Each structure stands twice: as structure tokens, then as C-alpha cells.
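Asker: In case you want the letters, here they are:
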Amino acid sequence: MDSDRSRAAASAVNRFGLGACPGDLARVTDPPAWLLAQVRQPPGGAPLIADLPTSLDYLRREGVVNRKRRELRLESGGAPTKAPGPDGKPVNPLAEIYRQEFGDDLRREAVARWRLAATTDTPFAERLVRFWSNHFAVSVDKGPARLYAAPFEREAIRPHWNGRFVDLLLAVETHPAMLRYLDQAQSVGPGSMLARRADRRLARRAHREDRPPRQLGLNENLAREIMELHTLGVDAHYSQRDVTEFARALTGWSMPYPGQLDRGDFDSGFLYRAAAHEPGTRTVMGRRYEDTGFDQARAILADLAVHPATARHLSLQLARHLVADDPPASLVDRMAAVYLRSGGDLPALYAELIHAPEAWDAKAIKFRTPQDYLVAAIRGGAIPIGDSPQPFEAWANRLGQPTFMPRSPAGFSDVAADWIGADAVWKRIQTALALAARVPRAGLDPQALARALLGPDLRGDTATAMARAEAPQQAIAIAFASPEFQWRA
Amino acid sequence: MTTRRQILAMLGVGAGASALTLWPTLTRASTGSDTRLLVLMLRGGLDGLHAIPPYGDPGYAALRGPLALSPAGPTAAGAAALKLDAIFALHPSLAFTALLYARGECLPIVAAAPPYWGRSHFDAQDCVENGTASPDGAETGWLNRAVGALHVDGLSLTTVMPLMMRGPVKVNSWSPPLPMQVGPILLQRLEPLYGDDPRLARAFAEAIAQQGGDASVEEAMDGPAMGMGMGMGGKAKPHPPIGAQLPGLMRAAGEFFARADGPRIGFLEDYGWDTHANQAPILTRKLKELDDGFAAFHAASTPVWGRTVVIVVTEFGRTARINGTSGTDHGTGGGMFLVGGAVQGGRVAGEWSGMAPGRLYQNRDILATTDQRAVFKGVLARHLGLAEGVLATSVFPNSAKVAPGEGLVRTRVAA
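Here the protein sequences come in this chain order: W and D.
Sequential numbering of the first sequence, starting at 2, is according to my numbering.
Sequential numbering of the second sequence, starting at 72, is according to my numbering.
Any given hint might turn out to be false.
[To be verified] Ranges between beta-carbon positions, derived for each pair:
hint, chain 1, residue 1, chain 2, residue 2, range
1, W, Asp5, D, Pro263, 55 to 63 Å
2, W, Asp446, D, Pro145, 53 to 61 Å
3, D, Ala331, W, Arg264, 26 to 34 Å
4, W, Ser4, D, Pro468, 43 to 51 Å
[Unchecked claim] Covered by chain W, according to a simulated footprint, are these stretches of chain D (three or more residues, beta-carbon under 8 Å):
hint, segment
5, 108-122
6, 188-201
None of these hints come from the bench; they were simulated from the model.
Treat the numbers as computed from the prediction; the structure is a model and nothing was measured.
We treat Cβ as the ideally placed atom computed from N, Cα and C, and that holds for glycine.
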């Protein structure tokens with residue numbers, strides 16, 4: 002009985018949560034209740050991110066920065082000369098303007114996210130926030146999206162991860178991060194007022210070769226990824242025609258221009274441009290949608306959100322994230338049914354998973370992704386997060402999972418095979434040493450700590466190897482590098 | 072305002088030596104004759120009998136068997152040892168150390184130990200660091216108390232403040248770069264753990280094979296006693312692909328020290344000295360790192376080398392007899408080194424009670440005849456000018472009976 006409880010507590014804390022802090026395993030006396038309580042309230046740690054800029058702030062300041070950069074480029078006739086920076090290395094003044102404006106914010110954003118993960122007392126809620134952040138991935142290697150991945154998580158994911166999926170979906174697809182990342186902001190209906198005006202200009206200036214006006218048109222990127230990744234899943238039965246029709250409906254979903262931001266009174270970075278919207282009725286997956294402007298695509302999203310394929314896709318993704326790379330079909334089926342019955346209520350979906358016996362089975366086990374691994378070690382070792390994210394970001398990079406940079410809208414992989422490689426294992430062992438070196442030494446009892454973090458998963462061999470370690474820090478390195486610490490059992 | 076600590080902290084991992092240019096000007100005038108002290112702690116228990124082999128002791132060769140070294144020529148344990156005197160030699164990896172010895176700038180000390188003789192790594196290290204007679208005798212470190220008593224600047228070249236430098240007095244720290252090197256002993260310990268994990272075993276074995284360039288791994292794992300069968304034999308081993316950490320850290324320490332406004336007292340540490348198995352190849356490599364570390368520090372600290380003492384200390388020596396896995400277990404009396412231009416070296420210090428039957432402590436270890444605190448106190452008193460009263464009460468509480476060691480340094484400070 003007690004061993005069952007300690008098994009379940011370890012799973013709740015290490016597989017569902019972000020990894021144990023010392024004392025967590027003993028504290029969690031009713032694991033399912035501990036998890037359920039977290040999905041029924043706002044996640045903790047809000048003060049840590051309260052004073053970070055909004056995406057609207059970033060948009061405004063980015064407009065100013067871009068203007069400065071344009072002026073500098075014009076003054077210098079294209080490419081401003083590099084000047085030596087404080088460390089003597091040549092600095093590109095264009096990049097320097099950006100760094101001066103946003104460098105400190107990017108640092109604060111990163112520090113806040115690591116600190117939140119390190120200290121939150123609602124780690125299951127935080128894991129779900131991160132799950133959705135990765136499900137709706139915005140990769141910061143795409144320049145225009147760079148500033149917006151962090152505020153996207155705060156503004157689109159955090160307020161909606163434990164409500165109805167349709168609300169989460171709408172918040173995501175109208176956020177400037179997603180509008181930019183998947184090129185929606187510039188998608189213009191070919192038959193829209195804007196496109197027709199541009200066509201006329203094009204015709205008038207056809208004889209001028211110096212600067213042809215920008216060609217306006219449809220961009221399907223967001224529509225496709227919404228269907229393929231965000232909702233239905235790639236195996237669902239939708240056609241290229243459905244994608245194009247959805248893309249047409251989405252035209253007009255855009256953002257204010259910098260000039261508009263200066264003048265206008267906006268409360269978000271989203272702007273519906275009626276002039277860019279493709280007029281007409283659309284048919285998506287056999288259903289007709291009248292031209293109601295902004296509401297046309299919104300109605301499609303609402304239907305996609307409760308489509309049976311979406312129910313299956315989300316259930317599979319969630320079960321894969323929390324239970325196993327190949328979760329039992331019985332579990333996914335039941336979750337999908339609950340999802341549909343509840344009209345896409347996410348807490349209901351989470352509850353079904355938490356109550357499922359499959360979720361507590363011995364076969365339920367996940368491999369820690371690099372970020373998971375780092376967060377678990379940071380929490381377990383109470384490693385202080387200082388004023389710089391540098392070591393943590395550098396480790397995440399080395400281990401192959403740089404923050405907010407999956408380099409694909411599909412997000413980072415969630416299956417072990419993609420993370421278990423010889424080089425990856427080697428780098429984890431190296432990183433274990435670096436992490437262990439940062440664990441505060443005062444009062445450190447490595448054996449007790451390993452028991453407190455791994456509970457029933459701590460193997461005798463590992464405890465023995467730790468006992469033989471030549472210094473507490475080495476013992477901690479063994480614990481962090483041990484196979485059982487790589488798994489969320 | 073940005074403090075120096077913040078500047079150093081910001082540089083963080085990977086900053087490397089570029090950090091050195093940012094060491095800001097001190098506001099406090101240096102006291103005394105501007106002497107410097109660096110403490111290097113070798114965690115894990117350096118085998119003093121291997122680093123400073125007492126080849127001339129009649130009991131040595133028999134007790135050490137295949138681990139025995141000799142200045143007369145190569146043995147199973149390695150190349151010819153470097154003869155110091157009629158009894159002692161240095162391990163062949165310690166060539167630069169031998170040079171310093173010849174110049175009178177290296178003082179090996181044998182049969183030393185902290186006052187705790189219990190053979191636990193953690194307790195013994197705590198005792199070395201807290202400067203009292205017991206592992207839980209103080210919550211702070213003696214080096215921190217010395218920094219406070221001297222009103223000088225201290226620097227710990229570690230990511231986390233070690234006990235020896237912890238305490239009420241503010242000490243700076245500088246983070247060394249990400250440890251690139253995974254020591255052979257750590258791998259020895261991880262290998263069976265990974266071997267039992269069906270999904271990770273292969274990746275681990277491949278990782279070892281890929282790092283197979285690192286001869287030390289093979290040395291550590293190919294030993295007859297290990298019998299791991301990891302199939303690493305026959306691979307080309309050009310040179311270790313992963314740099315050792317100690318020489319780089321020692322160079323950084325030397326560069327910090329060389330600055331006119333650099334720290335007066337520094338601390339750094341190294342791991343990987345707990346040689347329970349296949350000790351000879353591991354120590355051939357580790358002692359080379361130590362030797363390279365001395366050379367790197369010497370080269371980087373040239374302007375202050377003549378005013379500097381480096382104390383090399385470990386938590387205990389190891390068993391006089393080798394064990395069943397070509398290694399040695401936790402012992403008592405062990406070796407220390409003082410190196411630096413201010414050291415009065417060129418001789419072996421410490422009372423040697425020998426390895427004859429009946430002379431060993433509990434019939435297994437070298438009897439410790441020097442309390443490490445005597446060495447610490449001698450250096451702090453004669454080299455840095457700390458008053459003996461302060462040493463006996465606040466830096467090393469209740470240590471009046473442990474007299475400061477004499478003749479360790481070329482006295483520069485008028486008492």
C-alpha cells in the first residue's frame with residue numbers, strides 16, 4: 002500500500018510534474034488529487050513574469066528600432082561600417098541598436114522562465130503550459146518571430162491552457178507570434194480590396210522597373226499548420242482544397258503596421274483588416290461558411306476545435322507527453338470521447354488522463370527531454386538561477402533543445418528515440434558534472450537528496466556508486482547522470 | 072552599481088580567460104609585502120605513496136607490488152620515478168614539479184593528514200576545510216576566516232563556494248568553463264548503471280567508444296579487475312579529445328594572481344583522485360594534469376611567482392597495500408605539496424615512520440605525523456604575516472597545540 006503510494010507520488014512529481022524538489026515525494030500524499038488541484042486553479046509563479054513587456058510593447062518598440070535602423074542604413078548608403086565594441090571586436094551598428102533595445106528584455110525573459118520552472122509549486126500546471134507552448138511551437142530562429150515566443154506563452158497559453166480548447170486555439174492563432182511565424186500577417190486575399198488596388202498600381206507602374214510594388218497574395222502556411230499540427234493532425238481526412246479554402250477565410254487576420262501602432266489605440270497585436278479579406282463563402286471539410294469577415298475563420302476554428310480528428314490528435318499528443326511514447330489505444334480512445342462529450346474542455350481531458358489506470362501503470366514511462374532534464378536537476382539540486390540565463394541556455398543548446406527554437410512548427414520531438422543518442426548521453430554526463438558543481442554545498446547530503454528526488458526509482462547500484470563517490474559534488478553528478486534520472490517513471 | 076562579483080558571475084560558463092581582463096581595480100590597498108596564497112584541493116584522496124613514492128623504504132616494494140615505482144628504471148606502474156633523495160622520488164608524470172624541486176621551489180610533505188582519521192571522503196574533506204579537529208567543528212572555512220583576518224581579497228575558482236571559502240567574509244568566485252572532461256572514475260561508476268538500462272546501455276557504450284580517443288577511459292576500464300567487456304580494445308587512440316580542466320584552471324588562477332590588484336588568496340579544486348581500481352594509468356594521467364597545472368600557473372603568474380605559495384592538499388592518503396583491483400582504498404597519512412617561488416623547498420618534509428610491519432597505522436595506512444593545520448598555519452604566519460594568536464583562536468579554533476610549521480617558506484614577513 003505504502004509502496005504503491007510512493008510509486009504514484011514519484012510518477013506524479015517526476016512524470017507529470019517537472020521533477021521533484023526535496024520533500025515533494027513525501028508531501029504528495031494523494032497524487033491524483035495533487036494533480037487535479039493544479040488544473041483547477043491559475044498556475045503559480047505569476048509574479049515572476051508579471052512585469053515583463055507585452056507583445057504590444059515589443060511591437061511598438063520594434064517599430065521604433067526598425068525606423069532607426071532604416072535611417073542608419075540610408076545615412077551610410079546601405080551598410081553602416083562596423084565599429085569596435087567594448088571588447089574590441091567589430092560590432093554591426095544595426096545589430097547593436099537591436100541589442101541595446103531588446104538585449105536586456107531577452108535576458109529577463111529567459112531568466113524568468115528558468116526561475117519559474119525551478120521554483121513553481123504547481124509543476125504539473127507548468128508542464129502543461131510548456132506542453133501547449135511546444136504544441137503551438139513558435140521557433141525563434143525565424144527573425145520576425147524572435148521577440149514574440151516568450152510573450153506568446155504568457156499571453157496566449159497561460160490564460161487558456163486549462164479552459165476550453167477553442168479559446169486556447171483562438172488566442173494562439175490571433176497572437177502576433179503565430180501570425181508572424183507562420184506568415185499569416187501578410188496573407189492577402191487575391192480578390193480582396195487590397196489586392197485589387199495593388200493590381201491597379203502594378204498595371205500603372207508596369208513600365209517602371211526601379212521598384213515594382215509588392216505583389217500581394219494568399220499564404221497558406223498558417224491554415225495548413227493549424228489543420229496538420231494544431232488541430233486535426235496529419236492523418237485526418239482533409240484535402241489541399243480544404244487548406245486553401247481555410248487560408249482564404251483567414252485572410253485579413255493580421256497585425257497593425259508600425260505607423261498604426263503609433264497613432265492608434267490597440268489593446269493587442271492583432272488586427273483584422275477587412276480590406277485584405279477574401280470575399281465569398283468558403284467550404285472547408287464539407288461545411289459552408291458564409292462571409293462574415295473575421296468571424297468566418299473563427300467559425301472554422303470553432304468547428305476544427307471539436308472535430309473528432311482533433312479530439313484524437315490532442316488526446317494522443319497529451320497521452321504521449323505524459324504517459325508513454327506509444328500510449329495505449331484504450332486510453333487515447335477514452336480521452337478523445339471525453340473531449341468530444343465535454344465540447345473540448347481541457348480540464349475534463351486532463352482529469353480523464355489522471356484517473357486512467359494506464360497513466361499509473363509500470364509501462365508508463367517517458368524519457369526526459371534536455372529541457373526536462375535540466376529543469377529536473379535545477380529543481381532537485383536547488384540550483385540558484387542568477388541574473389543571467391547563460392549557463393542554462395548554453396546547456397540546453399549543447400543538449401539539442403534551445404529554448405523556443407525547435408526550428409519547425411511541429412515543435413520538439415516527444416519520443417525517446419529522438420533524444421537517446423551516444424552523443425546526447427555523453428553530453429548529459431558532462432552536463433551532470435556542470436550541474437552538480439552548482440548545487441549549493443551547505444548541508445548537502447547526496448544520498449538523502451537522491452532518495453528524496455527519485456524515491457522508489459533510485460536503484461541500489463546508483464546509491465552504492467554515490468556512497469563511494471569521492472566528494473558530495475561527485476555523488477550528485479552520479480545521481481544526475483544516472484539512468485533513472487534520465488527517465489520520468 | 073555592478074559589483075565585481077556580478078561581473079564575474081555574468082561571465083559565467085564558457086567565458087574562459089577573457090574574464091581575466093575584467094578584474095576590476097581594488098579599492099583596498101594591499102597589506103604586508105603583497106604575498107599570495109593559492110590552495111588547491113585534490114578531492115578523492117590522492118595516493119601520496121604513488122605521487123611521492125618512498126622507493127628507499129624497505130617495506131615499499133613488497134606492499135605496493137605492481138604499483139611500485141623505482142628511480143632505477145621502468146616498472147609495471149610506469150616509467151622511472153624522479154629521484155629526490157635516498158628515500159623518496161616523484162612520480163614520472165611530475166617532471167615540471169621535479170624541476171621546481173631542483174630549484175628549491177617545491178616542498179613535498181609526506182605522512183600528513185587532517186585531524187580526522189575516519190576515512191570518509193565527505194567527513195575528511197569537511198575537516199580539511201573547516202579547520203577544526205572534527206568534520207562538524209565549524210560551519211565556515213578556515214580560508215574564509217584567513218581572508219577576513221588579513222583584510223585582503225579572496226577568490227574561489229569554483230562555481231559554488233566550497234566550505235573552505237564559505238563564511239561571513241565576502242569572497243569572489245569565478246566560474247570555470249563547462250567541465251568538458253568526464254573523469255575515468257566517474258565513468259567506471261556509471262558504466263554498470265547504464266549497463267542495466269536496456270534502452271540506454273547501447274548509447275552509453277557507443278559514447279564511450281566515440282570518446283574512445285580518450286585513452287584514459289580505456290585505461291580505467293580495461294583493467295583485469297573491471298572485466299566490463301565493452302569492446303573498446305584495438306581502437307586507435309590518437310590523443311584525448313577532451314581537455315583536462317586543471318591546467319586551464321591553474322592558468323586562470325595564475326593570471327588572476329599576476330595582476331597587481333589581483334586576489335591575495337585563492338582556492339581551486341580538482342576531482343578524480345579516488346583510485347580504487349586500476350590506479351597506475353589513472354594517476355599517470357592525473358598527475359600529469361597536476362604537473363601541467365603547476366607549469367600553467369607558473370607561466371601565468373610570473374610577476375608574482377616569487378611571492379607565491381601554492382598549497383596542494385587532499386583529504387587522506389590511501390592504503391599502503393594495494394587492493395584486489397589494482398588500486399588502493401581510503402587510508403590516513405598522505406602527501407601534500409607546497410610549490411611557488413616563496414617556498415623553501417628542495418627537500419622532503421614530514422616525519423616518516425616507515426612501512427615496516429608494525430609501523431603502519433592500524434596495520435594498513437601510513438601513520439600521519441603532520442597535522443595539515445600545522446602546514447596551513449606555518450604558511451599563513453610566515454608567508455602572509457597572520458599573528459599566531461589569531462591563527463590559534465579564530466582561523467583554526469582551539470589549535471594552540473598545533474604549532475605553525477617552520478621553515479616552509481622563505482620568510483618575507485617580519486614577525
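Asker: Hint by hint, say whether it matches the structure.
Answerer: Quick rundown of the hints versus the structure:
At roughly 29 Å, the beta-carbon separation of aspartate 5 (chain W) and proline 263 (chain D) lies outside the given 55 to 63 Å, and the hint is violated. Between aspartate 446 (chain W) and proline 145 (chain D), the C-beta spacing of about 45 Å breaks the proposed range 53 to 61 Å. About 58 Å separates the C-beta atoms of alanine 331 (chain D) and arginine 264 (chain W), a value inconsistent with the hinted range of 26 to 34 Å. Checking the proposed 43 to 51 Å range against serine 4 (chain W) and proline 468 (chain D) shows it holds: the Cβ atoms sit about 47 Å from each other.
Beta-carbon proximity to chain W at under 8 Å applies to 3 residues in the segment 108-122 of chain D; the threshold of 3 is reached and the given coverage holds. Restraint check on the segment 188-201 of chain D versus chain W: 3 residues with Cβ-Cβ distances below 8 Å, three needed, restraint holds.
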